[in-house]
Amino acid sequence: MSLVLQLMISGLAVGCLYALIALGYSLTYVVNGTLNMSQGQLVMLGGVIMFGFTSHAHLPFLVSFALAAALVALLNLGIERLAIRKFDRGPNAIEWVLSTIAVGIIIQDVALYFNGPDEGVTPSPVGDGMLRIMGAGVYWKEFVFLPVVALLLVGLIVFYKKSHWGLWLRATADNRTAIEIMGVSSNKIVAVAYVLSGLLAGLGGALMSTNYAVSVDIGLALGLKAISVAILAGVNNPKGIVAAGLILGIAEVFIGQYISTAFREMFVYGMVILVLYWKPAGLFNTSKTVIKV
Amino acid sequence: MNSFLQLGLRYRGTAAVTSAAIIVALLAACPWLMDTYYLNLLFMIGTFVITCTGMNLLIGYCGIVSIGHAGLMATGAYVSSYLSTQAGLSFWVVALAGMLMSLVIGSLIAIPTIKAGGVYLSMITIAFGVVIHEVLIRWDAFTGGPLGISGIPKPELGGYRFDLKSMYLLVLAVSVLVLVLIRNLRRSAWGRAMIATKENEIAAASLGIRKFAVQYAGFAFSAVLAGLSGAIYAHANSFISPDTYHFQTSVQLVLIVILGGAGTVLGPVVGATILVFLPELLQMEKLRMALYGGIMFAVLFFLPKGIVGTAGQLLGRKIRGYAKTGPSPARERNSETPQLFAHASSSGAVMLELNGIHKHFGGLHALKDVSFSVATGAVHSLVGPNGAGKTTLLNVISGLYSANQGTLSLRGKSLNPRSLSDVTMLGIARTFQHSRLFKELTVLENVMVGMAGRRRVGFAHALLHTPKQRRDERVMEERAHLLLDLIGYEGDRDMPASQLPYGHQRMVEIARALATEPDLLLLDEPAAGMTAAEIGQLEQLLRKLTAYGLTIILIEHHMDFVQRISDTVTVLDFGKVIGTGKPEEMLTDPRVIQAYLGAEEVAAGA
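For the protein sequence lines, the chains are U and A, in the order given.
Its first residue numbered -19, the first sequence is counted upward by one per residue in the working numbering.
Its first residue numbered 21, the second sequence is counted upward by one per residue in the working numbering.
In short, the hints are calculated from the structure, not lab data.
Bear in mind the structure is a predicted one, so any value in this text is a computation, not a measurement.
You may find that some hints are simply not true.
Said to hold, decoys possible - Using 30 Å as the maximum straight-line C-alpha spacing, the simulated BS3-like pairs for lysine-lysine come out as follows:
no., chain 1, residue 1, chain 2, residue 2
1, A, K596, A, K388
2, U, K272, U, K259
3, A, K338, A, K459
4, A, K433, A, K388
5, U, K272, A, K433
6, A, K325, U, K66
7, U, K272, A, K135
8, U, K219, A, K433
What the hints assert, rightly or not - A partial selection of chain A residues facing chain U, derived with a Cβ cut-off under 7 Å:
no., residue
9, V139
10, S142
11, M143
12, I157
13, R158
14, A310
15, S439
Don't be surprised by glycine CBs; every beta carbon is placed ideally from N, CA and C.
The shape of chain U in the complex, shown without the other chains (with noise of 0.2 Å):
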């Protein structure tokens, strides 16, 4: 009993980074239906950056945890700017897939080239003591996650319901025309939307290496888990995307204990494909007005 329990908050913790990392898909997405496929390799960034900053040049924690998070929020402004804007063409546009895919392979291999590929773990504020709920022993610095994540997600909220960027955002993803025809900028709002991404990637990557080890190589397979989360829920589903990033990282700490470490990854992709069979849209989503081609 206490190691399932154990498990689930173990789960919970990795979930709530996956739904993170998720909902910056769904925050482009619904504006201006493209995403950046380089996700990953964001949040990888947003880790190293982070153990470089506290290990390597000393910097007091909270200062480079912002940092971490402000330089990639910036750096996915530039990537909106170069990789996006002049490839969002419509809804069969393939181009913006491959330039963001290749913006990953570069940060990537940028950060291998000036990092190496040694892997380090950020010492985390709270130490490396444990937790004991009801028999479970859980380190604090994996519980912490699920408070921390919680406060950013109610920040999220916040700045989706009150600011008046988050009004245009909510304007925009329900009809972009309408809002240009009110005079506000839409390449602006799409700008907003990456930030918003962006930050959300860094704050996930700098989150991370607090429990985890990053090194460079794991962007890719973040971006996938994270593309799973989004697929499950639906990518324009962002309560979805919450969930389902929870119930991905319980089921994957499950099936490592119960079924098979080597082989977790396959299940999950195997569990995504079949959702896909049996929901497309996702397992979450309100159906919309559906357009039968």
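Position chain A against the provided structure of chain U, taking the given hints into account.
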């Protein structure tokens, strides 16, 4: 000089075939001209050409990107190697098994992702490539783990054992064959259907083309080619390991296609040549992937059509410049259109009947209890102010939206519009409010796409360019010319549709819709943006069509035109039918005037 060039142009086809034959002959002589180092590189180019030609079909024609084809190559390589090392089967058998397994596994991931559409295929194929790589490392018993499989025997044929030279010749032969197949495909109804779907899937569906069918066909063929290329590589190299089938390999394959030029037959050849020689020239260990990423980015930014595509465009412009000066071959014009519309149904009977149609969009009630019937052979116009629900109604009839409530019947039989392409096959064709011609295709090809739903030959026929396919193609071409004659299009028929003036675009769209052989034609504001002369032409055309027995539902705002052409008018306002009747009655009805002009205007006028 000019006349010499024109003479050259007349024999353009022959010249192309001859020069291709010379190049292939030179390449075939390479084993006796080069050392093994270069021969190896040429061999690598060949294997890439085989895989990337399949991916070109996917990216350039179908408009979907797979970033997991290295995984499919691995499937072909490992299945064939396992079978030939463990079971001792001959190369020809195991290569087939490899292709088959690649097709099966590829289909498992492609079927749901193509249906889900958009970027899903790209995302899932990346995951697929990564998973396959993991499996290759961990499934020791089958794959030999990180060490891979070694001692894979070279192919044998009737006692002869292949060596590097003959393996190279084999790859050369297969590459050339594959390129020819793709060229055939592009010039068939399948190729046109693929490009149509890539450009505008709704317009393609309105011609009876199912997106899934064409895209899956493209994916399946590319999977088979990837499996084949994997098997050939494994048996030439006699050793394979997971390192060859990275995510990076898949990216490299995509890069080959877009660098060479997606959608051009020779693109993969040029792309593969560059990407095989580049690392040999640069000798760089670090930042190689970053360089590839940079090249990919630069190509997307500055050469979106790739090297061959851009060069072809420049050359094409020059050649067309010369060709214009020569006389265009005269085609015999037929003023009669005997075999275009076979089924002249008895006029007066009911073609389409709508009964209590409701359609909601969330809280918006776009259609409320719409009922009327359309007589066979009539022009039935739908009028009403903007937002009255006319286009929504057309979308419901044509199957693009499903009604929330109500029934339809076509020729007395219950009509259950499942999808746009489905309804087209039942004999209902439509055009759209905004022009949706396929810009990459020529005028003639646009009309021929309209026949793809009914008259497409099998995929194998299209690949092999069989006599049946050639016959079919001739029939379609002739019919397309007849339809263009019918709508009175006089201009260049081999011109890309993107260069047509607007009025002509609308007319060609009608010809394209007619190519689906409909009984019922739905026209959504065909006269919008037309000049008065063009409207006159349109009117003549509609009269001809009804004379052939076609039934037409017309949405139009030009009221005098509506009055002249219509047999019956239905007026819609706020999603409700105000009335159905003769045009002269309906258009003078005070309720109709009120709907158009508002209550106060009517009161003031009275």
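How the hints compare with the structure:
{"no.": "1", "hint": "K596(A) <-> K388(A)", "verdict": "holds, 5 Å"}
{"no.": "2", "hint": "K272(U) <-> K259(U)", "verdict": "holds, 16 Å"}
{"no.": "3", "hint": "K338(A) <-> K459(A)", "verdict": "holds, 20 Å"}
{"no.": "4", "hint": "K433(A) <-> K388(A)", "verdict": "holds, 23 Å"}
{"no.": "5", "hint": "K272(U) <-> K433(A)", "verdict": "holds, 22 Å"}
{"no.": "6", "hint": "K325(A) <-> K66(U)", "verdict": "holds, 15 Å"}
{"no.": "7", "hint": "K272(U) <-> K135(A)", "verdict": "holds, 11 Å"}
{"no.": "8", "hint": "K219(U) <-> K433(A)", "verdict": "violated, 45 Å"}
{"no.": "9", "hint": "V139", "verdict": "holds, 6 Å"}
{"no.": "10", "hint": "S142", "verdict": "holds, 5 Å"}
{"no.": "11", "hint": "M143", "verdict": "holds, 5 Å"}
{"no.": "12", "hint": "I157", "verdict": "violated, 9 Å"}
{"no.": "13", "hint": "R158", "verdict": "holds, 5 Å"}
{"no.": "14", "hint": "A310", "verdict": "holds, 4 Å"}
{"no.": "15", "hint": "S439", "verdict": "holds, 4 Å"}
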